[in-house]
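**Q** Chains as they are written, first to last, in the numbering used here: chain F, 1 to 212; chain G, 213 to 391.
Be a bit skeptical, because a hint or two may be false.
Dumping the calculated EDC-like pairs for lysine to aspartate or glutamate here, alpha-carbon to alpha-carbon at most 20 Å [as the list claims (entries may be wrong)]:
1) G:Lys372 x F:Glu181
2) G:Lys372 x G:Glu217
3) G:Lys380 x G:Glu331
4) G:Lys380 x F:Asp5
5) G:Lys380 x F:Asp48
6) G:Lys372 x G:Glu384
7) G:Lys380 x G:Glu317
8) G:Lys305 x G:Glu317
9) G:Lys372 x G:Asp231
Now the stretches of chain F that chain G is said to cover, found in silico as 3 or more residues with beta-carbon under 8 Å [said to hold, decoys possible]:
10) 5-16
11) 151-165
12) 192-206
No lab work stands behind these hints: they were computed from the structure.
C-beta atoms are modelled at their ideal positions from N, C-alpha and C, and glycine is treated no differently.
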Amino acid sequence: MRTDDLINALAADGAPVRPPPRRLAAVAAAGALTALVLVLAWLHPRHDLGQAIQGGMFWMKALYTAALGLAGYLAIERLSRPAAGGRRGWWVGGAALALFAVAGVVQAMGSPDIQAALHMLRGHSWHSCSVNILILGLPMLALGLVAVRGMAPTQPVAAGFATGLFAGGVAATVYGLHCPESTFTFVALWYSLGVLLPAALGALVGRWVLRW
Amino acid sequence: MTETETRLKALMLRGLEGDAPAYRAGLALLGTRLRAYFARRMAGAPGDVEDLVQETLLAVHLKRSTWDSSQSFTAWAHAVARYKLIDHWRRRKIRQTLPIEDHIEFLAADEPEPSVGIELDRALASLPERQRILVSDVKLTGLSLAEAGARAGISEGAAKVALHRALKALAERMRRADG
Numbered sequence: 001m002r003t004d005d006l007i008n009a010l011a012a013d014g015a016p017v018r019p020p021p022r023r024l025a026a027v028a029a030a031g032a033l034t035a036l037v038l039v040l041a042w043l044h045p046r047h048d049l050g051q052a053i054q055g056g057m058f059w060m061k062a063l064y065t066a067a068l069g070l071a072g073y074l075a076i077e078r079l080s081r082p083a084a085g086g087r088r089g090w091w092v093g094g095a096a097l098a099l100f101a102v103a104g105v106v107q108a109m110g111s112p113d114i115q116a117a118l119h120m121l122r123g124h125s126w127h128s129c130s131v132n133i134l135i136l137g138l139p140m141l142a143l144g145l146v147a148v149r150g151m152a153p154t155q156p157v158a159a160g161f162a163t164g165l166f167a168g169g170v171a172a173t174v175y176g177l178h179c180p181e182s183t184f185t186f187v188a189l190w191y192s193l194g195v196l197l198p199a200a201l202g203a204l205v206g207r208w209v210l211r212w
Numbered sequence: 213m214t215e216t217e218t219r220l221k222a223l224m225l226r227g228l229e230g231d232a233p234a235y236r237a238g239l240a241l242l243g244t245r246l247r248a249y250f251a252r253r254m255a256g257a258p259g260d261v262e263d264l265v266q267e268t269l270l271a272v273h274l275k276r277s278t279w280d281s282s283q284s285f286t287a288w289a290h291a292v293a294r295y296k297l298i299d300h301w302r303r304r305k306i307r308q309t310l311p312i313e314d315h316i317e318f319l320a321a322d323e324p325e326p327s328v329g330i331e332l333d334r335a336l337a338s339l340p341e342r343q344r345i346l347v348s349d350v351k352l353t354g355l356s357l358a359e360a361g362a363r364a365g366i367s368e369g370a371a372k373v374a375l376h377r378a379l380k381a382l383a384e385r386m387r388r389a390d391g
């Protein structure tokens, strides 16, 4: 085929284009909604939710996981375009993680003995927290990968990681409606791990899926 | 050379706002640049140059929403071309590295003659008949979408959707052509 012929066909296709921010916003909305339905129907909201939202820790947790999600968004918004890197997002994510890690360590060190510190670290739900966040994040990860594939990522592993971070952050924020844990120590470990699991999965899968 | 960027960017901006002749002119100008770019790097396989030009133009079209119009169009298109070239080598298992290069060189003005691409025809032949006829009508006879749709017995809206799907399928098939 002659290239001019192809160009004619391309010029005839005026399908509207949606820029990456709008597509990613749609992914976040759908992902948050799915996670919310899962929390309501499967995990159930914490019993003291009404009381919890009046306390500071509920919002600290939400702020932390939302910051991780925002970091993923900032990174993928750049990484879904050719010739752009995700540096700004990595900085935001790294800063949030470092802040909570320090707060978690400080809080653990303030406990009277090692048993109390370990108790804080394990909370009541250490065995399910990270996995639950991963599960809540999976639908959004899948939606995100499909959307990003339709864009133009040139670094598939980094783009997959950012997509997973985005999904994990949103999922963990919604998970806060269920999870009654309220120490920095617990959140810094298990929430972070829960958010990093979908990110790692995204990086792994992105290598194969995010090609165009 | 920056003059090319100015012209190219102006045409693409107008094109993205729905000015089809400007869009066509922009893609044609970009096509000549892509041809020169790939020709310089594909001395061993000149037959693949036009295929790559076409695959890249398809990608530029389908991915155009990822261009941030406050940025250089050339830098964006260069990154797409570079990605497609590296992907081509990867598929053909050719071990080549592409040096970091400047966008200025991407715009260098030598203009090899266009040849005829083969992969696209192969990909086109594998499309469902209705899509194939639609693409052929629009590209060869210069029929408008409405006319081409009428010939295929579908509305203009349906023709729009079908053409877009066909182009996406073409891009996917070209990408997998020698995978």
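**Q** Could you grab the alpha-carbon distance between G:Lys380 and G:Glu331 and see if it respects the 20 Å cut-off?
**A** Holds: G:Lys380 and G:Glu331 sit about 15 Å apart, inside 20 Å.
**Q** Would the pair G:Lys372 and G:Glu384 pass a check requiring their Cα atoms to be no farther apart than 20 Å?
**A** Holds, at roughly 19 Å.
**Q** Given the hinted pair G:Lys380 and F:Asp48, is their Cα-Cα distance within 20 Å?
**A** The hint is violated at about 50 Å.
**Q** Can you confirm whether the C-alpha distance between G:Lys305 and G:Glu317 stays at or below 20 Å?
**A** Violated, at roughly 26 Å.
**Q** Test coverage of the stretch 151-165 of chain F by chain G using CB-CB distances below 8 Å; three residues minimum.
**A** holds (count 3)
**Q** Check, residue by residue, whether the stretch 5-16 of chain F contains three or more positions whose beta-carbon lies closer than 8 Å to a beta-carbon of chain G, and give the verdict.
**A** n = 11 at 8 Å, threshold three: holds.
**Q** For the pair supplied as a hint, G:Lys380 and F:Asp5, is the alpha-carbon distance within the 20 Å limit?
**A** holds, 16 Å
**Q** Could you grab the alpha-carbon distance between G:Lys372 and F:Glu181 and see if it respects the 20 Å cut-off?
**A** violated, 53 Å
**Q** Has the given pair, G:Lys380 with G:Glu317, been kept, meaning a C-alpha gap of at most 20 Å?
**A** Given that 20 Å is the threshold and the Cα spacing comes to 30 Å, the pair is violated.
**Q** Do three or more residues from the stretch 192-206 of chain F put their C-beta atoms closer than 8 Å to C-beta atoms of chain G?
**A** This one is violated; 0 residues, fewer than the three required, reach chain G with a Cβ under 8 Å.
**Q** Regarding the pair G:Lys372 and G:Glu217, is the alpha-carbon distance no greater than 20 Å?
**A** violated, 30 Å
**Q** Is the Cα-Cα distance between G:Lys372 and G:Asp231 20 Å or less?
**A** Cα-Cα ~16 Å, so holds.
Hint compliance for this structure: hints 1, 2, 5, 7, 8 and 12 are not met, and every other hint is.
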